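Q: Protein chains in written order, with our numbering: chain F, 160 to 273; chain L, 25 to 138.
Simulated from the structure, these hints should not be mistaken for lab results.
Hints may be right or wrong, so weigh each one.
[Claimed, not checked] Negatives, chain L to chain F, calculated, CB over 12 Å:
(1) H53
(2) L107
(3) S123
(4) V138
[To be verified] Some chain L residues flagged as far from chain F (calculated, every beta-carbon gap over 10 Å):
(5) T55
(6) H97
(7) Q119
[What the hints assert, rightly or not] Derived contacts from chain F toward chain L, CB cut-off under 7 Å, selection only:
(8) Q161
(9) L166
(10) T214
(11) G218
These numbers come from a predicted model, not from an experiment.
Think of the CB as a built atom: it goes at the ideal place given N, C-alpha and C, for glycine as much as any other residue.
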Amino acid sequence: AQSVTQLDSQVPVFEEAPVELRCNYSSSVSVYLFWYVQYPNQGLQLLLKYLSGSTLVKGINGFEAEFNKSQTSFHLRKPSVHISDTAEYFCAVSVSGGYNKLIFGAGTRLAVHP
Amino acid sequence: DTAVSQTPKYLVTQMGNDKSIKCEQNLGHDTMYWYKQDSKKFLKIMFSYNNKELIINETVPNRFSPKSPDKAHLNLHINSLELGDSAVYFCASSQVRDSRAGYTFGSGTRLTVV
């Protein structure tokens with residue numbers, strides 16, 4: 160079975176500072192990896208995804224993530240955050256082949272302060 | 025046009041009542057899902073339908089009954105509502121055999137049982 164661990168439940172950061180949100184996964188088979196963002200009182204929006212190939216993937220709103228197979232990690236980064244980045248961020252995995260079942264981590268609350 | 029739309033957005037009801045949440049997608053996807061997000065923001069899959077066939081049925085009380093009249097619609101009916109059913113319920117859609125694409129989510133239905 161697959162599982163996702165987001166190592167920080169909350170990450171406070173000042174505006175224009177860099178940020179990293181950490182995600183580790185567990186799976187005995189190949190997986191696809193995703194980061195979703197949930198702004199207050201809204202649904203989930205896809206930020207970026209890793210399918211194969213280059214381990215550094217770029218997404219919307221200036222976010223990027225790096226896949227590290229040896230460490231089974233998929234950390235999300237942004238070099239300079241804005242107040243508008245305040246949201247809940249979810250890491251998720253799906254298994255290649257079979258039914259498309261997305262397993263989510265518990266989420267990380269990013270709070271950007273002025 | 026909204027890709028995945030849920031109604032209602034907010035639902036306040038008394039314990040013991042029966043209620044339904046509706047979901048429609050216009051993306052041509054063949055699979056739809058219901059997720060429950062609890063007060064700690066944890067997302068848990070409840071059900072998934074592929075072309076009107078139930079393919080994922082997680083451990084959910086049988087007071088919850090999904091119904092899919094066609095592949096573009098997935099409704100969730102809840103009988104005898106309990107306080108613990110209070111949560112945000114998200115509908116999502118995808119192509120079942122395309123684990124690379126992730127899901128498209130609706131904006132959620134906030135259910136409050138009083």
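Q: Now tell me, hint by hint, if it's right for this structure.
A: Hint by hint, here is what the structure shows:
1. H53: violated, 10 Å
2. L107: L107(L) clear of chain F: closest Cβ-Cβ about 22 Å, beyond 12 Å.
3. S123: The claim is violated: S123(L) sits with its nearest Cβ about 4 Å from chain F, within 12 Å.
4. V138: The claim holds: V138(L) sits with its nearest Cβ about 20 Å from chain F, beyond 12 Å.
5. T55: violated, 7 Å
6. H97: holds, 18 Å
7. Q119: Violated, because the least Cβ-Cβ distance between Q119(L) and chain F comes to about 7 Å, which does not exceed 10 Å.
8. Q161: Since the shortest Cβ distance to chain L is 11 Å, the answer is violated.
9. L166: L166(F) check fails; min Cβ-Cβ to chain L is 15 Å, beyond 7 Å.
10. T214: violated, 16 Å
11. G218: violated, 12 Å
Hint violations for this structure: numbers 1, 3, 5, 7, 8, 9, 10, 11, all remaining hints satisfied.
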